[in-house]
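> Chains A and B are the protein sequences, given in the same order.
Position in the first sequence (from 1) plus 11 gives the number in our numbering.
Position in the second sequence (from 1) plus 11 gives the number in our numbering.
In short, the hints are calculated from the structure, not lab data.
Quick caveat, the model's predicted, so the values are computed rather than measured.
Some clues are possibly wrong.
One copy or two, either will do: identical chains are not told apart, so a pair holds if it fits within one copy or between any two.
[What the hints assert, rightly or not] Computed cross-link-like contacts, DSSO-like style, restricted to lysine-lysine with a CA-CA straight-line distance of at most 27 Å:
| no. | residue 1 | residue 2 |
| --- | --- | --- |
| 1 | Lys-414 | Lys-385 |
| 2 | Lys-21 | Lys-99 |
| 3 | Lys-211 | Lys-188 |
| 4 | Lys-385 | Lys-289 |
| 5 | Lys-184 | Lys-465 |
| 6 | Lys-296 | Lys-395 |
| 7 | Lys-464 | Lys-184 |
There are 2 protein chains.
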Amino acid sequence: MPVQRPSIPKGTRDFLPFEMVRRNFIFETIRGIFQLYGYQPIETPAMEHLSSLMGKYGEEGDKLLFKILNSGDFLDSSTPLPTSVSSKELALKISEKGLRYDLTVPLARFVVQHQNDLVFPFKRYQIQPVWRADRPQKGRYREFFQCDVDAIGSDSLLYEAELIRIVDDIFCKLGIKVLIRLNNRKILAGIAESLGDASKLTDLTIALDKTDKIGSEKVNEELSQKGFSEEAIGRLQPLLQLEGKISHKFDILTEFLKDSITGLKGLEEMNQVRERLKSLDLTNKFDFDLRLARGLNYYTGTIIEVKALDAEMGSICGGGRYDNLTGIFGLPGVSGVGISFGADRIYDVMNELDLFPQTITTTTKALFVNFGEKEERYCNSLLKALRAEGLAAEMYPDQAKMKKQMDYANRKNIPWVVLIGENEMKTGKLTIKDMLTGEQNEMTIQEFTGILKK
Amino acid sequence: MPVQRPSIPKGTRDFLPFEMVRRNFIFETIRGIFQLYGYQPIETPAMEHLSSLMGKYGEEGDKLLFKILNSGDFLDSSTPLPTSVSSKELALKISEKGLRYDLTVPLARFVVQHQNDLVFPFKRYQIQPVWRADRPQKGRYREFFQCDVDAIGSDSLLYEAELIRIVDDIFCKLGIKVLIRLNNRKILAGIAESLGDASKLTDLTIALDKTDKIGSEKVNEELSQKGFSEEAIGRLQPLLQLEGKISHKFDILTEFLKDSITGLKGLEEMNQVRERLKSLDLTNKFDFDLRLARGLNYYTGTIIEVKALDAEMGSICGGGRYDNLTGIFGLPGVSGVGISFGADRIYDVMNELDLFPQTITTTTKALFVNFGEKEERYCNSLLKALRAEGLAAEMYPDQAKMKKQMDYANRKNIPWVVLIGENEMKTGKLTIKDMLTGEQNEMTIQEFTGILKK
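Model the full assembly from the supplied sequences, consistent with the hints where possible.
Below, the structure is given as structure tokens:
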């Protein structure tokens with residue numbers, strides 16, 4: 012066979028041990044806190060029926076789905092392909108499965124499919140990779156991990172507060188200072204309604220979202236192009252740059268939304284969430300930010316987005332409430348709320364800010380130098396004793412030169428080297444070399460175990 | 012949008028919380044022991060270039076690869092498709108990526124690609140799903156997890172012994188009694204050589220493997236059909252049913268292989284592995300079994316296969332030594348040895364034998380009954396106190412009827428329910444209901460924490 016230069020598909024990554032321990036630190040922290048709040052793990056297959064995925068993420072999303080070629084002889088030889096078939100038509104003909112694009116649609120499918128086996132409210136978390144055929148760029152990958160946590164089957168705002176508390180806990184534990192931005196889709200809908208055209212909600216939110224970047228003048232031009240009247244745009248101005256205390260924002264909005272039942276409902280929800288959060292004693296700040304819109308259209312209530320304060324990075328966590336996610340799979344009227352942590356971006360932020368603890372490592376605590384067969388046999392019981400105490404230890408595989416064996420310990424950052432030769436086998440003691448100081452000491456296996464356990 | 016009846020692709024599975032905790036118990040046990048022996052985690056992408064995968068698993072394997080449709084407008088419209096294109100030809104034209112089929116070929120690719128960043132011998136483990144377009148049947152899935160552990164870059168037989176010790180440790184910890192079968196590819200090659208035709212190694216191993224199922228007479232017929240001479244078949248007979256002590260097998264084989272350098276080398280390796288294992292004091296039995304062949308052709312030395320003694324199940328773990336796995340990716344002469352644990356089969360065996368500890372659960376320890384807003388606010392600090400001690404606790408999301416809230420606790424197997432009403436808020440004590448006995452007691456949060464920690 013010809014020799015191949017090894018590489019992986021663009022936008023995908025290998026993870027080396029030093030990256031794995033850091034990633035696992037993030038996953039374990041997130042998982043641990045999810046569980047403290049009573050969320051339970053599920054997993055779904057990497058592949059879903061394309062029919063479950065298509066049409067759920069907009070036209071652009073459909074294009075970004077990785078499609079899997081049907082197995083076997085997927086072309087029906089009795090009906091040959093039309094010569095002018097397009098890629099899109101052909102794809103639908105020869106592909107029935109796709110890789111999951113997020114964890115939300117699979118969750119909706121899962122809840123409907125297993126509804127009789129679940130206890131509602133169903134509190135689940137799910138940590139798995141997702142795949143998108145996006146153009147790869149810095150911080151954007153074609154395979155990346157999402158850590159989702161959702162409560163399904165209750166419209167209690169307690170869950171909004173609980174999830175925000177989880178956000179606070181997780182970022183405290185990871186050491187990332189964040190700002191938690193909150194908004195409510197009903198408020199945005201109410202604003203569109205009050206401006207005279209509820210159908211223009213999307214145009215409105217897109218424009219609001221740009222205020223920071225392009226300024227209110229350009230935003231007004233855009234609104235005008237989208238067909239908002241001069242009068243409507245005029246009335247909108249106080250909302251565009253709504254700053255200051257939350258209570259101030261509430262006052263202005265209560266007046267603005269006084270004729271919109273939806274808008275006032277949203278404001279009431281926001282108020283309740285805020286009241287709950289006040290009694291929760293969060294470490295990180297939260298803010299009510301009218302410009303927060305979030306892209307996906309399935310949100311119907313509270314929306315949440317989290318940004319790291321000390322790093323240049325987009326949102327590292329976000330989510331919200333959706334009232335009819337399971338409807339498309341035949342189970343209407345089930346309300347849920349959830350958030351998703353972007354593990355890859357969190358990783359980048361922690362790396363940039365040097366937040367990973369020095370202590371996390373999967374390296375062994377001790378390398379036993381290999382002096383030959385007899386010594387190797389003698390060391391077996393010592394290795395066994397250490398491992399029985401939960402202490403990782405290994406023996407160099409052959410009687411190589413001392414320099415080579417020490418080099419192995421050094422390059423792997425193994426902190427202790429154990430030397431067992433003729434003398435040690437006689438005395439029953441271990442000669443231990445501290446790889447940091449270079450110091451050597453004789454001790455018993457019990458003494459060494461004690462040191463390693465510290 | 013039309014309502015869809017939810018389902019997942021055949022051969023794939025959802026995992027519910029009760030399954031997840033059991034699966035995680037297996038993964039954590041395996042991972043923990045891998046780490047005790049100095050193996051470090053890596054991960055590779057779900058997708059590899061098809062060119063990295065094709066031709067590595069035989070013709071049948073190529074067919075079982077899940078291929079991913081190229082993104083975007085994958086048909087080159089300037090060169091229309093020939094009308095008589097076959098599925099195979101078309102697939103190669105419109106698909107450049109495939110889902111990984113195992114963790115061994117990705118490991119080889121990884122080692123070559125990252126050789127300058129790795130410390131050799133490179134001891135790695137990898138726990139990830141793999142995908143095969145196999146016909147689904149009981150115990151065979153299209154997505155399943157492999158737990159691989161390999162030592163790369165050393166030909167020391169210490170690693171064979173270490174891996175077998177890992178097998179022994181893991182199955183002890185999981186509570187599965189196993190038989191560890193060993194053989195050596197060089198011995199099989201030596202036998203083929205001694206019979207006069209080294210090229211017939213594959214035919215020979217296939218036939219040997221069938222002795223148990225079809226009996227030696229039928230095996231002899233098959234060997235004859237494959238072109239083995241009567242004389243060769245006659246000489247082979249004592250080997251077909253080689254039973255008894257390992258030392259007896261060695262005696263017979265030493266005589267049989269006396270003219271085959273390869274065969275004697277294999278016997279010497281097997282002897283060294285056996286000597287090492289004798290000093291390791293394993294709990295499970297190991298046996299030298301000449302009929303063990305293992306399908307994949309990349310093995311060149313020791314081969315290992317593990318079966319559960321008390322369950323009807325194929326091999327639950329297997330592996331061996333390969334001398335040139337990385338050669339195809341441009342790095343010849345690197346020897347490695349590894350084994351793979353089949354998590355899905357191990358799960359099935361543990362379920363069948365009822366081996367999962369009763370204690371593994373991700374359910375919360377305590378449900379706080381929701382009596383209303385005031386009580387909810389009061390309970391926040393209690394929930395916080397429990398979680399700060401690492402104790403999972405949750406509050407019911409709204410002031411539902413007591414029966415409904417108790418039902419939730421019961422169905423989720425939550426062992427304790429906390430009742431905080433007017434009275435408790437006055438006294439500062441908690442009323443705790445033991446859901447197993449139905450007993451109710453008043454106590455402080457410290458006392459309750461003490462109970463939960465037991």
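> For each hint, tell me whether it holds in the structure or not.
Hint check:
In this assembly of identical chains, Lys-414 and Lys-385 lie within 27 Å of each other by CA distance solely inside one copy; the values are 21 Å within and 69 Å between copies. Taking identical chains as interchangeable, the C-alpha atoms of Lys-21 and Lys-99 lie at most 27 Å apart whether they share a chain (22 Å) or sit on different chains (24 Å). Taking identical chains as interchangeable, the C-alpha atoms of Lys-211 and Lys-188 are never at most 27 Å apart, the minima being 36 Å within one chain and 66 Å between chains. Within a single copy, Lys-385 and Lys-289 get their C-alpha atoms only as close as 68 Å, which misses the 27 Å cut-off; across copies the closest is 13 Å, which meets it.
Taking CA atoms no more than 27 Å apart as the test, Lys-184 paired with Lys-465 passes in both settings, with 23 Å inside one copy and 25 Å between copies. In this homomeric assembly, Lys-296 and Lys-395 come within 27 Å of each other (Cα to Cα) only across copies, at 18 Å, whereas the closest approach inside a single copy is 50 Å. Proximity of Lys-464 and Lys-184 under a CA criterion of 27 Å is satisfied in both settings, with 24 Å inside one chain copy and 22 Å between copies.
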